[in-house]
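Student: Listed below, chain by chain, are the residues.
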Amino acid sequence: MIPGSFDYHRPKSVADAVALLVKLGEDARPLAGGHSLIPMMKTRLATPEHLVDLRAIGDLKGIREEGGDIVIGAMTTQHTLIGSDLLAAKLPIIRETSLLIADPQIRYMGTIGGNAANGDPGNDMPALMQCLGASYELTGPNGVRRVAAREFYQAAYFTALETGEILTAIRIPVPPVGHGYAYEKLKRKIGDYATAAAAVVLTMSGGKCTSASIGLTNVADTPLWAEEAANALVGTALDKAALDKAVALAEAITSPAADGRGPAEYRTKMAGVMLRRAAERAKSRAKN
Amino acid sequence: MAKAHIELTINGQPVEALVEPRTLLIHFIREQQNLTGAHIGCDTSHCGACTVDLDGMSVKSCTTFAIQANGSSITTVEGMAAADGTLSALQEGFRMMHGLQCGYCTPGMIMRSHRLLQENPNPTEEEIRFGIAGNLCRCTGYQNIVKAIQYAAAKINGVPFQEAAE
Amino acid sequence: MNVQAPIELTSAERAEKLQGMGCKRKRVEDIRFTQGKGNYVDDVKLPGMLFGDFVRSSHAHARIKSIDTSKAKALPGVLAVLTAADLKPLNLHYMPTLAGDVQAVLADEKVLFQNQEVAFVVAKDRYIAADAIELVEVEYEPLPVLVDPFKALEPDAPLLREDIKDKMTGAHGPRKHHNHIFFWDIGDKDGTDEAFAKADVVSKDMFTYHRVHPSPLETCQCVASMDKIKGELTLWGTFQAPHVIRTVVSLISGLPEHKIHVIAPDIGGGFGNKVGAYSGYVCAVVASIVLGVPVKWVEDRMENLSTTSFARDYHMTTELAATKDGKILAMRCHVLADHGAFDACADPSKWPAGFMNICTGSYDMPVAYLSVDGVYTNKASGGVAYRCSFRVTEAVYAIERAIETLAQRLGMDSADLRIKNFIQPEQFPYHAPLGWEYDSGNYPLAMKKAMDAVGYRALRAEQKQKQEAFKRGETRELMGIGISFFTEIVGAGPSKNCDILGVAMFDSAEIRIHPTGSIIARMGTKSQGQGHETTYAQIIATELGIPADDIMIEEGNTDTAPYGLGTYGSRSTPTAGAATAVAARKIKAKAQMIAAHLLEVHEGDLEWDVDRFRVKGLPEKFKTMKEIAWASYNSPPPNLEPGLEAVNYYDPPNMTYPFGAYFCVMDIDVDTGVAKTRRFYALDDCGTRINPMIIEGQVHGGLTEAFAVAMGQEIRYDEQGNVMGASFMDFFLPTAVETPKWETDYTVTPSPHHPIGAKGVGESPHVGGVPCFSNAVNDAFAFLNAGHIQMPHDAWRLWKVGERLGLHV
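Residue numbers (full-length UniProt numbering), protein chains in the order written: chain P, 1 to 288; chain W, 1 to 166; chain U, 1 to 809.
Okay, chain P solo, but in the shape it has when bound (with noise of 0.2 Å):
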């Protein structure tokens, strides 16, 4: 398996990256830690021409903490991220969910910028982002625009992004101290993308579910953001009745394909038990 040819750009700021991109148009691809993008070139699925390599630019990195935000440059990778204190303590779900996503190796060249950027809708960071209610800094000719992870995704592989755009940051509100959180995800093993996934965050006080957000990761040709399913969790206890509906309506949402991980009725109920494992441990994990 073996690439087509290319031509390498490594700039060392992001302007000059925006600036290669619109010169260079379609046959230009941004390249981060290259662990989707590579593959696809080997099998010659992907053929660009050009690559702009963005690990040079030393902006796109690190965690920092802005107001209420936590704002995390596009080329972190995950490795950092499961080392960050700071994300430690204000955003465990983001380590908890780098931790599942591929192997050791992958994580210390693959990034939160890519990961959310691909639009691969096995991809854990975009459900995650949505769950967390992020949005995404796109840099371009015309300067920096925000887009919310929630309506940055059109489809598998198409996204907001428009051409000589790059993700260069993604922001994220940290959610109140004392908030449950988990990420459950189901695959075949290490290294595979979700057969389903669900991030949850909720809060609670004095026993009752006070708010709730949820992602759904790989059921659908985008990530999902269960709007309704969280809304039904708010007000209750997270009893069974709770997580029955809510279950019911992320099901209802879903619309997974058939693959080796299993036929479509399959995962929409794990996308389910994804779901109700998530609720659980995030409510056992919530301060109340």
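Hints are computed from structural coordinates only; laboratory data are not their basis. There may be inaccurate statements among the hints.
To be verified - Taking lysine-lysine pairs in the DSS-like style, the calculated list, with each CA pair at most 30 Å apart, reads: (1) W:K155 x U:K466; (2) U:K800 x W:K155; (3) P:K240 x U:K800; (4) U:K24 x P:K240; (5) U:K741 x P:K189.
Claimed, not checked - Examples of chain U residues lying across from chain P (beta carbon under 10 Å, computed): (6) D53; (7) A130; (8) T672; (9) V674; (10) K676; (11) E714; (12) F732; (13) L733; (14) P734; (15) D794; (16) K800; (17) E803.
As the list claims (entries may be wrong) - Sample of chain P residues lacking proximity to chain W, with all beta carbon distances greater than 12 Å (derived): (18) G83; (19) S84; (20) A88; (21) D103; (22) A148; (23) S211; (24) A241; (25) A242; (26) D259; (27) E280; (28) R281.
All C-beta atoms, glycine included, are put in the ideal place defined by N, C-alpha and C.
Given the coordinates of chain P, assemble chains W and U onto it according to the supplied hints.
Tutor: Same frame as chain P, but now just chains W and U:
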């Protein structure tokens, strides 16, 4: 496409070369540098037989372009033994604990274990299994690989190695 | 006497220093492998070497209307593009298979499976070759596709093999349909029918052993280098049977066999994948002959999984007849065997279904009957023995599942049913109703040891409680207990019933002692990770009293190694291991003559003591093997030729029959279908144990493969014949996280006919492991009357079982 000039360090030695941008790091290492320890097993970044250490990261060199490694420092399995030929603790552990059979996954397995022990010098069995989950072995069933890494960890930490009772 | 005598070691101390049989000798191979200094085929680099790559069919069944190679040939760096049209004048567009069929080297007029080889591009390097295959334009006319083997023999089934459509007699007799390959049967059909008619209970099920692939981590590859001046061909390759490859290459190329040098260097796992001959080898050889420079061919993983030799794909309708108290009276089994587009099974010639007739297993029954129909479909060819002796894993799966379903129908505990029907120790050598003579065994002893070790009765009690709790809705987990008591048949084999392409399946060893007492020994087998360099030396060390560290083992070079049939089917220890012991004993006999001469006594006055011959009753008078070696070159006795070496070609008198008792405890989450192996215990009896460390390693590896096969591994085709999931993303190879932990144990029942009593072990854990896992899964659902659940037992399929049983309300 024009070839590009790259400079990097491999096993402590400076290396300069011309590469096509599409040259995969594994082919650069094996064919241009004649370091044939790392192998290709799956072509799709699942098996880890091609794992090398790149700037302190375990990297699958079949899914990395050589040109991406420009300016980097790489260690391959050939760089693990001491200059006098003494095996590293991991190499010794793999032999002592029968952590290999056909030997094809071994260089990648050793390079991954090397980085794992750098980051976590005293891993539990569960941490070892999770830490080497990017490397497939078709021969050993992993049990003796886990022991090999535990052996190496004990040796590096200067404590006696005790096999866990089965 | 003032001279201090050297401290004399005891016999036991000297024996320990030899590192001979029975010790956990560390492996010689690891010194190079741990340093990245192995030498695998893709490491071979020759001046001017070119690289070959295949254009492959996108269709499963189609007529080739045209192939346009002009654009590819025009690409700079491309030296040649071969198609069937180029091979036809050389009569090389088809090659013989080991099963008596022929196989297209490059597709001739039509393609018969997806990814079939259509053209071979030869270029300066693998990058240019990859570009060039994109430029070859092939026009196809799609034909109806046959995927389901059960439809292969329907009257209107599409005709697949036009090349043999008028040849209604195949290598194994008449063909009854254009997609029929052979019918083969064995046993007493009428007697079996009679026994079934009289039985209290008849238990019948169809067990499918799905299509899988051996997928060693190193794919198949070769380098062919033709020296046109000398007229000699050197072929490096991932060959489990290098000598057979040399013979095959000679037969199909017309090159004299002595001018072909086949070299199998280090091999990155084989598991049966590297026994046969593939198009890549033939094309690389042809290209090198035509171009006069070396040509390398290396398949990628997708090619490996989808073209070079699948395994299994057996559909086994299996019946047991029994009395109502559980005595088995007869077995009847019919197999529908899906061979794909060509019959390329790697079985001994006379055995089109391998040793499937070991399917009566470990049980004593008076009569049995087995019949097999082989059919063609639009799938890759193969049918190799994936980590098992020929079709033995299929046979063991059939009987070990059948025992379970019979037990269920009888309402008996399946361990008790096994114990009741075991062949008893005093019945060995045991003549099985389907023809084999089991050499030795003690099944009740092994079973008891295993049951005690796992606490079988307590596990059943726990399971009963869990089932009650499940019915009450207190748990969503089902507990399964898997048992497998297997008997293998390995070590093929005796010339009276085993040959490959007419060459009897002996194996060989040549041992040469140098003047200083060190040794080089060569065998006709070829290690792919089994550690032959370590273990053969241990046999010689014990036999000849030379330290194992002073013995070099060499395999894989057909110029220097004696002819042998290679390593597969757990045959190395039973055949070449035996040859090694016999050759060593020849040397020892000569050494005794030399020692007698040196000590000036009669040979009969000498006795062997670890590493020396000593005079009986005068232990201080002795000659060590090292001294004898020197003498053999320096002062041999009159009338005895100098030197000390021997060769043995060992034709085994019988197969060997390793056996074992395996137990698995599994917990299945009915809501997801995910199965977790809580415990796995494997007791193996492989006879004499040469290196317990290596045996344990083999068992771990085989169990891991068994786990993968039973729980998810599958080569699947859709209705159009597209091969699904031919990558390590989908083809289930477990990582260290999914792989269960293994407990190993053993008993020792030496083989009575093998010189050192060894039986072979590499494949037992796979053969016994698969039914054990499958039985655990089936057992978990059995109390809900689920019926037989087909493999692979991946999560979604187990969830579907729960769905069918109404467990998801």
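Student: List in ascending order the numbers of the hints, as given earlier, that are violated by the structure.
Tutor: As far as the earlier hints go, 1, 2, 4, 10, 18, 21 are violated by this structure, in ascending order.
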